[in-house]
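K.L.:
Take a look at the letters that make up each chain.
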Amino acid sequence: MKNSLLKKINLRTYMMIIALVLIWGFFTMLTQGMFLTPRNMSNLFRQSVFVSILAIGMALVIILGEIDLSVGSVVGLTGGIIAILDVWNGMNPALSITITLGAGLLIGLWQGFWVAYMKVPSFIVTLAGLLIFRGILVGITKGTTIGPLSGVFKVIGKGYLDNTVGIIIGAVAVFFVVYIVFRSRKNKVKYKFDTGSLTVEILKLLIIIALIAVFVWTMNSYRGVPVSLLFALIALVIFSYVSRNTVFGRSIYAIGGNKKAAALSGINIKKVMLNVYVLNGLMAALAGILLTSRLNAASVQAGTTAELDAIGACVIGGASLSGGIGTISGAVVGAIVMASLDNGMSLMNMPMFWQSIIKGFVLLFAVWLDMATKNKNKA
Amino acid sequence: MGNLLEMRNIIKDFPGVRALDKVTLEVKENEIHALCGENGAGKSTLINILSGFYPYKTYKGEILINGEKKRFQHIKNSEDAGIAVIHQELALFEELSITENLFMNDQKAGRLGIDWAYMYKETERWLDKLKIKGCTPKTLIRNVGVGKQQLIEIAKAMRKNARILVLDEPSAALTVTEIDILMDNLAELKVQGVTCIYISHKLAEIERIADSVTIIRDGKKIDTKAVKDVNEAAIIEMMVGREISDMYPKRDVKTGEQILEVSNFTVYSPDSPDKEVVKDASFNLKKGEILGLSGLMGAGRTELVMSLFGGFPGKFHGKVELEGMDVSIKSPIDALKLGFAFLSEDRKSLGIIPTMDVKNNVSITCLRDFVSFVQINESKEIYSVKKFVKKLNVKTPSLETNIQNLSGGNQQKAILARNLLVDPKVLIIDEPTRGIDVGAKNEIYVLMNELTKSGISIIMVSSELPEILGMSDRVLVLCEGEIAKEFDNTEKNISQEDIMFWAAGGNKIEK
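Sequences listed follow chains A and B, in order. 24 is the number of the first residue of the first sequence in the numbering used here; add one for each residue after it. 28 is the number of the first residue of the second sequence in the numbering used here; add one for each residue after it.
Mixed in with the good hints, there may be bad ones.
Listed next, with one range per pair, are the computed distances between beta-carbon atoms [said to hold, decoys possible]:
#, chain 1, residue 1, chain 2, residue 2, range
1, B, Ser309, A, Leu129, 48 to 56 Å
2, A, Phe388, B, Glu477, 40 to 48 Å
3, B, Lys306, A, Lys142, 25 to 33 Å
4, B, Asn291, A, Phe199, 56 to 64 Å
5, A, Pro144, B, Asp133, 29 to 37 Å
6, A, Phe384, B, Val354, 53 to 61 Å
7, B, Gln402, A, Ile159, 32 to 40 Å
No wet-lab data here; the hints were simulated from the structure. Glycine residues also receive a C-beta, built at the ideal position from the N, C-alpha and C atoms.
Isolated chain A (complex conformation) (with noise of 0.2 Å):
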């Protein structure tokens, strides 16, 4: 019983899980303690954000068995498009963020056209994306920095929830957690399947909402639940679901995984691809409103080879680049990886030469480490 659901636990995840409270040790004993204070944990979290909600969309993408490499030209240029509503025309907020969102759709509505139904790769497609929305993010802000934005943005990017509303927030969570458990077992027991211990299940309930009550209770210390960590929750929960229940999302699983065999089991191919680029489109102009909102302005070099740190976050997630294996989860976990590596090293004053060549190593061992132990398996 055990072992079937150490089994049924993604291992790969749960591998980074542990690679990341080894993280968290190791920069907590070197910074004396700082790395795990509220307000460090904090600040943490609000970094991940933005790698977070860019890896998320791009591990549909990549679980495809497709890559995107043009996400960092989306963030700037979405960026760009909601400063120049906001503050050169004076455009009510909710309507500038829906015209912004608009817009990273039919930038993925573009990209999927190409890559699904005129079959260009999409490394070409999206490296070509890269250049091109770069050049018309230059083109609409003439090249200059738009910035103060309106309150709401400020709250958007750096605002916190009041206590009580984290409170709810976590209570929300507690519940739709012991509401799935449930009624997952409640199906079960309908369709005469083994349920399981239910002592295991409610140790692993109660695992969770203890989780659940200490991130609460971490944040509500220094400020309150960040704002912008609420949409990276929201998108974790949605895109984790689409992925996991849905014919969508089992559909991509199944091309990625062999693309020919899923043809001729009757999947739409082309209609996926290009669902999942437009999804794409979408967060990554998310994620160029929160990082505009964060600076409180765009410039031209906002999201520069962020891309690459949402491949790298999905990879170190566990996601494989041939496509067909990875998880939403596993993602917003590299994300965090990412941004934990990052804030420590910043703790610890080391210079950014340093940090980066650190970072390409970490990589570099993930993805080694991950192959090494799948082909022993394999053997």
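We have chain A already, so just place chain B on it with the hints.
P.N.:
Same frame as chain A, but now just chain B:
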């Protein structure tokens, strides 16, 4: 004349099967020696041993050239000994010129880099010699037809002073005129003193050019004969002479009315859109019937059924009527909706999804049936999958086991379950038992029998004649893209020889 090449008592084992069992091949100097056998008889394994692809010590037995023992470790060793193998899948570089291919890894060095002038002149000479027309030494391989590519491969081998030329099914992809040119060239090479091993099961070709023929069947050598001493019937008998065991369940299904009618179905090759791989095929299928599609490799069987299912990359046209209604099938999505299901012969690249577990591999065809609101009701999904996994006796530790960890037979049963989940009217199975063990084979036959009892009609493509004869109610024999013959097999009274005769184009020889 002595033997130029001898392969003595060759034994080669693969996990679970003995592919070659004491096979001896003796080839005389300056003859064209045909090697005959059904698909899977062990011809290619034998050639792979000769070429050093399976190195010395991975097989038992010995190879002698001019009486001298040879121990090939690499393909390079056999090339040095004068053996050149031209595989069915040509090993030319599409994007390079004829000259570059001809001199691959053997370029002539000049004072400053490669001596192109010399190489072009040499290539010109070879093109002339093999009468390859319509191209220059600078023509890219991808602009040259398959027939000429074959000749270029021969030129490449001859340039390296090959003494023994091995051709593996050279005519499979060629047109009639291309085959003529190839035959003329081989005859010419023979005059020049080249020895040739010619693998084919096209009897017309063997009668035309070969001096002697060795027949192997099920990994054993049956006999070597001079071609002038045997007729095609004798060769066919030696190729197939095998009893149908009681492996096949008795068919007592009464076929009902016609469910499917296909007329004037033509399929074009995806690589060269002018080449018809299936020509004007017309046939029908009755309710509860098993229709066997037989034919040699390259006869167009797979192309026909994959096109019917809407999953073939080449173009196709023709009329398809299902239950009296005209239907248009442009993609597998259409086909599945109409009640077709298709099991590919290529389990690895067109069947399993290797990253997924058994459950997800089985349920992939009808996920929409499990959806409640927007999400897949996993319990409902598992319930259905479990039912079929049990019915088909798929042996798996759990539904969450990765499909790659299952044996070939169980993978096949899982993929069959995937196609039964959609509750098809017409089930198309391409090579139902390829690469699976005897026990699983029998299970699949029994299952096919049960399926037809419940009213499903099956189109079965198979290279194994006993399977065709043991399971089909009717047999269509394809030869070079055309339906050459239809046999009624309800009495199980047609013979393997009958089918082989038509599949090998026997009727054309008589003319």
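K.L.:
Each hint needs a verdict: does it hold in this structure or not?
P.N.:
Outcome of the hint check:
Remark: the range hint 48 to 56 Å for Ser309(B) to Leu129(A) is upheld by a beta-carbon distance near 49 Å. Checked against the given bound of 40 to 48 Å, the beta carbons of Phe388(A) and Glu477(B), roughly 54 Å apart, lie outside it. Taking 25 to 33 Å as the suggested C-beta distance range, the pair Lys306(B) and Lys142(A) conforms, at roughly 29 Å. Distance hint check: the CB atoms of Asn291(B) and Phe199(A) are about 59 Å apart, consistent with the given range 56 to 64 Å.
The supplied range of 29 to 37 Å is met by Pro144(A) and Asp133(B), whose beta-carbon atoms lie about 34 Å from each other. At about 59 Å, the CB distance of Phe384(A) to Val354(B) agrees with the hint of 53 to 61 Å. Distance hint for Gln402(B) and Ile159(A): a CB-CB separation of about 38 Å, consistent with the stated range 32 to 40 Å.
Checked against the numbered hints given earlier, this structure breaks only hint 2.
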